[in-house]
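Order-wise, the sequence lines are chains A and B.
Residues in the first sequence are numbered consecutively from 1380, following the working numbering.
Residues in the second sequence are numbered consecutively from 313, following the working numbering.
Hints in this document: simulated from the structure, not taken from any laboratory.
Please note that a few of the clues may not be correct.
Computed footprint of chain B on chain A, listed as stretches where at least three residues anywhere in the stretch have a Cβ under 8 Å from a Cβ of chain B [as the list claims (entries may be wrong)]: (1) 1483–1491; (2) 1512–1526; (3) 1637–1650.
This structure is a prediction, so every number in the text was calculated from the model and none was measured.
Backbone N, C-alpha and C define an ideal beta-carbon position, used for all residues, glycine too.
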Amino acid sequence: MNALRVVDAGVRTLVVDTGRFGSARLGIPRSGAADGEALLLANALCGNPPGSAALEIAVRGPQLLVEAPVCRVALAGDAALRLERDRTRRELAPWRSHTLRRGDRLWVGATRHVLGAVLAIGGGVAVEPCLGSRSTSLRGGLPERLGRPLRAGDLLPLDAAAARRCNAPERALEVPVGIHVHPQGALRLLAGPQQTTLDPTGWDALTGAEWRVSASSDRTGLRLEGARLRLRGVADVPSQGCPAGAVQVSGDGAAIILGVDRGTTGGYCVAAVVASVDLPRLGRLRPGQRLQLELTDVTRALALLRRRAAELTTLVAACRPATLAPP
Amino acid sequence: MSEARARVLPCGDAALLVELKGEGDDLTPRVLGLERAVAGAALPGIVECVPGLTTLLVEYDPLLVAPDTLAADLLILAASASVHQPIGRRFELPVCFEPDHGPDLAATAVAAGMPADDLVGLLCHTALRVALIGHLPGLPYLSGLPAVLDLPRRPTVRARVPAGSLGLAARMACVYPQTAPGGWHLVGRTPARLVDPESDPPVRLSPGDSVRLRAVDGATFGALADLEAAGEPALRIEA
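Just chain A, same shape as in the assembly:
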């Protein structure tokens, strides 16, 4: 079998795709890449279809041994990438593809993102899907293999047809002027179903405070530090479905932005929801990072989303055959 052998699993390496849709009725969360844009671009660099399964790396990445004739990889994000071939080591650049051969060892180093950088693999990680997705779920309900992070000794099966495509030129992302791979600025919020449960001072605090991303943040939710929000009335609601980016406020006024591994339903009020255009940015935040939130409306949020979709189309098209020397 053509595979990548996991020699060292890293701190928390997950198989991710665009997520598991249609299983909320079983209580099984969406899961999938915390940074959907990184998944899209890493796959584009590998020449993969957009939703192919890849690896999400947190804190420190894995060490992988190539047990296939050839294998293409590409990293989107800020982790370091190192290749050991024939007992010599060298750094590999992110944001471009690299073709590895049998016996190569790939180290993915530290990442400063809370949730992770994405390492795409040519043809995608070919683990057996469950309920329509290859994404790991850390919240139970899935077969053991998809229910935990990678472990040393795991074999990541490779798509047999992908090896043939390794003859194609390497691709690199040559970013056109004016398009940000990583947009900055305040995260945009929209009204949530319980927007009136926050009193006006609560709203002022939400959009005026200098928030910090708590170190205890994870894929379930990003905890915000910096203020307590005043509620008028109780925080409890009958358990309701919660979208990604829901800003949930508990009875003590603490705010959490729900992430890709959120519970399918939740019983605390949802005062606001992060605009779709900014959801991928949640996956790129760093512990302790300062964060500002601002309120917008659906019309403006959709205009931003359309503009970002056009930019991403341009970025994917910019994943051109590289002019750099191959490794």
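Fit chain B to the known structure of chain A by using the hints.
Frame of chain A; chain B shown alone:
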């Protein structure tokens, strides 16, 4: 059914929350009816529907459908959707109510104004109904409890609720299928597993199933847990 019994709440730019209002202590048959109606209408751009206790979250692709159009369609569907009361199976669930398995039993009984034994008796003599599976894989929200158990959640969330714990809040019971954080009052614990990842579907209970609790002592809890680990489910279909 009149339109006044449903309203559409904003929920960001990629979801709408349809909230149902009305009589009765369990609105989930109407929620599930609306879910079926939305699926049947095959509206463009719908990504997923997530049933809640009184709501249906409708997630959509905002590049494919305008929220105003979708909101109007959802109100029409909510006004005309029929109730969906799934016909369920009848299960018996063993629960140990001893203090190390139900740390909040005594305080919850005080809050409900009855002795702890009476609370256990009440729970075991109530025909509970699986209103919804949600939050965690296989977590059942169980309806059918009397108004005296309309308790707020605990003010602080426990960081670690053991798998199998039976929680009470807001006139509902739930069973935590796995160890997880939780804010419900823990009155007992079952040795039964509610999720079997290797089977299809991986979740043993479905909306519409009825569940009767059977009080067991600590020794029986241990014996049933051992059997469960050996592949003998402690959650039994009632004869």
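Hints, one by one, checked against the model:
no., hint, result
1, 1483–1491, "violated (count 0)"
2, 1512–1526, "holds (count 8)"
3, 1637–1650, "holds (count 6)"
Against the hints set out earlier in the document, a violation occurs for number 1 only.
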